[in-house]
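Protein chains: 2
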Amino acid sequence: MNMEKYLQERKAMVDKALHRLIPPEDAYPQMIHESIRYSIFAGGKRLRPILTLAAGELYNQDLSRYLPAACALEMIHCYSLIHDDLPAMDDDDYRRGKLTNHKVYGEAMAVLAGDALLTLAFEVLSRDSLNDSGAIIKVMQEIAAASGTAGMIGGQVVDLLSEGNPVSADTLNYIHSRKTGALIRASVRVGGILGGAGEEELKVLTRYGQCLGLAFQIIDDILDIEGEESKLGKKTGMDIQKRKATYPGIHGIEPAREKVKELYHASLSSLEIFEARGEALKILAGFLVNRDY
Amino acid sequence: MNMEKYLQERKAMVDKALHRLIPPEDAYPQMIHESIRYSIFAGGKRLRPILTLAAGELYNQDLSRYLPAACALEMIHCYSLIHDDLPAMDDDDYRRGKLTNHKVYGEAMAVLAGDALLTLAFEVLSRDSLNDSGAIIKVMQEIAAASGTAGMIGGQVVDLLSEGNPVSADTLNYIHSRKTGALIRASVRVGGILGGAGEEELKVLTRYGQCLGLAFQIIDDILDIEGEESKLGKKTGMDIQKRKATYPGIHGIEPAREKVKELYHASLSSLEIFEARGEALKILAGFLVNRDY
Chain A
1 MNMEKYLQER KAMVDKALHR LIPPEDAYPQ MIHESIRYSI FAGGKRLRPI
51 LTLAAGELYN QDLSRYLPAA CALEMIHCYS LIHDDLPAMD DDDYRRGKLT
101 NHKVYGEAMA VLAGDALLTL AFEVLSRDSL NDSGAIIKVM QEIAAASGTA
151 GMIGGQVVDL LSEGNPVSAD TLNYIHSRKT GALIRASVRV GGILGGAGEE
201 ELKVLTRYGQ CLGLAFQIID DILDIEGEES KLGKKTGMDI QKRKATYPGI
251 HGIEPAREKV KELYHASLSS LEIFEARGEA LKILAGFLVN RDY
Chain B
1001 MNMEKYLQER KAMVDKALHR LIPPEDAYPQ MIHESIRYSI FAGGKRLRPI
1051 LTLAAGELYN QDLSRYLPAA CALEMIHCYS LIHDDLPAMD DDDYRRGKLT
1101 NHKVYGEAMA VLAGDALLTL AFEVLSRDSL NDSGAIIKVM QEIAAASGTA
1151 GMIGGQVVDL LSEGNPVSAD TLNYIHSRKT GALIRASVRV GGILGGAGEE
1201 ELKVLTRYGQ CLGLAFQIID DILDIEGEES KLGKKTGMDI QKRKATYPGI
1251 HGIEPAREKV KELYHASLSS LEIFEARGEA LKILAGFLVN RDY
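Chains as they are written, first to last, in our numbering: chain A, 1 to 293; chain B, 1001 to 1293.
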C-alpha cells in the first residue's frame, strides 16, 4: 500500500466534494463565499475527513456515503482555525504559509466566514440523503458534542485562560484531549457509525481516534520546537513565545517523543479485530506519527 | 385572549427550557457557560420561540414537542447578537440595557460563546427525541438554510458591506429579508413542520412569517428614530450615526409606517384557513406591529 498515493487520492476526493458542497465564489454575497473558499482551500491535510473515510471503508467501499459527513468535519475544523487566528484569540497573520482569513478579508468577514462554515457543516449533514436518518442524527450528535463546550470549544477556552499561567499535566491533558483530540476522535467514530460498526468495534475505533488525536497534538508541539518552517508553512517557536502550555514544555522533549510512540502502539493495539481490513488505519497512524509537516 | 399574559407564560416556558438545555454555570469550563448564560438570559423577548410555539399549537397542544426547536432558534438568534456586537462588527457596548458580552467577558470569550450557542442549537435539535427523525431533519435543514449565507449571515454580510454607502431599495430589501427576516420566517415554519402542516398550510405560515419578519425589522428602524431609550434598553439614533441603511431612511417615516400596516394585513390574509385556531397568530401579529420596545 502506497501511503503517499493513498493520501493524495483521498485528499483529491475530499476537495472535490468540498467544491460541490460549498457555494461557488460568485454566489451572492460573493465576499463571504470567497472568504470561506480562501480558507478551506488553503492546503489543509484533510486529516479528519480521511480518518472518517478510512474508518468507513472498513464496512463499505462506497465512499460517497461518508463524504458529506467527512466534509462537515473539515468545515468545522476550518471554522475553528479562522476564529482561532483572530486578533482577539491567537492573533496569527499566517497559516500554512498564507495570510490568515482576517488579514485578507478583515475581522468582521472572518468571524462571519467561521460562523458560515459551522452552519454549513450542519446543513450538509442534515441534507445528507445517502444515509438513513437515524445514523445521520447520531452523527450530528457526535459532531456537535465533539465541537461544543464539552469538546473543542471547551479545550480552546481552557487554553486561552491558561495562556501565560503555569499549567498542570492534568489541565494540559484536558486542553489536548478537547481542543484537537475531540474532533479527531469524532472523525474516526463518524466513519464507524455510518458504516454500521457494532459496539465492540466502535470502542476500538474510539480508542484509535483518541490515541491518534493526542499524538497529533503532541507532534504539533514537538514540531513547533524542532520542525522546519518551510515544511510547516508557519513560524516555529511560537508556543514558547506565547507561553503556551505544551507537552514537551511540561514533560520535556524526549518524554514527548516517547509518549507519541506509546500512543501510536496503543492506537494499533485492538485493530486486529478488523483483520486485513484494518491495514489502512494502521499505515495511516504510522504516517501521522512520523510526519514532519 | 390576554396577549400580555400569553406572552409572559410563553416566555417563562421558553426560559425554563433554555435553563434545562444549556449547561449550568458551574460546568467546566465555567467561564464559557457563564458567558453564554449572561447573554441568553439578558431579557430577550423570545419572539422566535414564541412564534414556533404559536404555529405548532395550531396542530398539537402539547408544546413540549416544539420547545427544543424553539430554543435552538433562540440560541441562534442570541449567537448572532453576540457576534454582531463585537468591535469588528457593530461595536456595541450595550444591548437591552446591559453591557454586551465582549464588554464583560472579553472578545475571545464572546467569539467562543457565539460559536458554542450555534453548536448547541444543532446539538439540541439532534438530541430532540420528542419528534420523529424525518421531521427533525427537515427542521435542521430549515434552520441551517435560514441561518447561513443564503439567510441571516448573507444579510449581515451585505449590511456590513453597505455601511456608509448609498443603498438601493432592492439591496435594503435583501438585507432585511435575510438578516432578521429569514430566521423569523423559519421560526414560524418550524412550528408548522413539526406539527405536520400540509403544503397549503405551510405556504400560509411562510407568508405570515415573511410579512412579520419584514415588519419587525421596519419597526426596529422606526423605533431607532422615534422610540424611547428607556423602553428599548438601548441608545436610539444609532442607525443614522452609523449611516446604516434603513427603511424609513430610504422611503421616509410615513411610508415606513404604511408598509408595516400593509405587511400586518398581508400576514393575516390567509390565516382564515385555520379558522378559530388561528386567533393566537393574529393577536400575536397585532401585538408585534404595535410594540414600542
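Take the hints with a grain of salt, since some may be wrong.
As the list claims (entries may be wrong) - Below, a list of computed lysine-lysine pairs in the DSSO-like style, where the Cα atoms sit at most 27 angstroms apart:
| id | chain 1 | residue 1 | chain 2 | residue 2 |
| --- | --- | --- | --- | --- |
| 1 | A | K103 | B | K1098 |
| 2 | B | K1235 | B | K1098 |
| 3 | A | K16 | B | K1234 |
| 4 | B | K1138 | A | K244 |
| 5 | B | K1103 | B | K1045 |
| 6 | A | K16 | A | K45 |
| 7 | A | K16 | A | K234 |
| 8 | A | K103 | A | K234 |
| 9 | B | K1203 | B | K1045 |
| 10 | A | K45 | A | K5 |
| 11 | B | K1242 | A | K103 |
| 12 | A | K259 | A | K98 |
| 13 | A | K138 | B | K1138 |
| 14 | B | K1103 | A | K103 |
| 15 | A | K231 | A | K261 |
| 16 | B | K1103 | B | K1282 |
| 17 | A | K203 | A | K234 |
| 18 | A | K235 | A | K203 |
| 19 | A | K138 | B | K1103 |
| 20 | A | K242 | A | K16 |
| 21 | B | K1103 | A | K242 |
| 22 | B | K1138 | B | K1103 |
| 23 | A | K103 | A | K138 |
| 24 | B | K1282 | B | K1261 |
These are calculated hints, taken from the structure and not from any lab test.
Review point. Hey, K235(A) versus K203(A), does the alpha-carbon distance stay inside 27 angstroms?
Key: 37 angstroms, violated
Check your understanding: Is K1242(B) within 27 angstroms of K103(A), Cα to Cα?
Key -> Given pair K1242(B), K103(A) holds - Cα atoms ~24 angstroms apart, limit 27 angstroms.
Review point. Holds or violated: are the alpha carbons of K103(A) and K234(A) at most 27 angstroms from each other?
Key: 15 angstroms, holds
Review point. Between K1103(B) and K242(A), is the straight-line Cα distance small enough, at 27 angstroms or below?
Key: Distance ~24 angstroms between K1103(B) and K242(A) Cα, so the pair holds.
Review point. Is the hinted pair K16(A) and K1234(B) satisfied, with a Cα-Cα distance of at most 27 angstroms?
Key: 47 angstroms, violated
Point to revise | Given pair status - K103(A), K1103(B), alpha carbons within 27 angstroms | key: Between K1103(B) and K103(A) the Cα gap is close to 24 angstroms, so the pair holds against 27 angstroms.
Review point. Quick one, are K231(A) and K261(A) close enough, alpha carbons at most 27 angstroms?
Key: 22 angstroms, holds
Check your understanding: Is it true that the CA of K1138(B) sits at most 27 angstroms from the CA of K1103(B)?
Key -> Given that 27 angstroms is the threshold and the Cα spacing comes to 37 angstroms, the pair is violated.
**Study point:** Pairwise hint evaluation, K1138(B) against K138(A), where the allowed Cα distance is 27 angstroms at most
**Key:** OK: K138(A) and K1138(B) at ~16 angstroms, within 27 angstroms.
Point to revise | Proposed proximity, K1261(B) with K1282(B) (alpha carbon, max 27 angstroms) | key: 13 angstroms, holds
Check your understanding: Is K103(A) within 27 angstroms of K138(A), Cα to Cα?
Key -> At roughly 37 angstroms apart (the allowed maximum being 27 angstroms), K138(A) and K103(A) break the hint.
Check your understanding: Does K234(A) lie within 27 angstroms of K203(A) when you go C-alpha to C-alpha?
Key -> Between K203(A) and K234(A) the Cα gap is close to 36 angstroms, so the pair fails against 27 angstroms, i.e. violated.
Violated hints for the displayed structure, listed by number in ascending order: 1, 3, 4, 12, 16, 17, 18, 19, 20, 22, 23.
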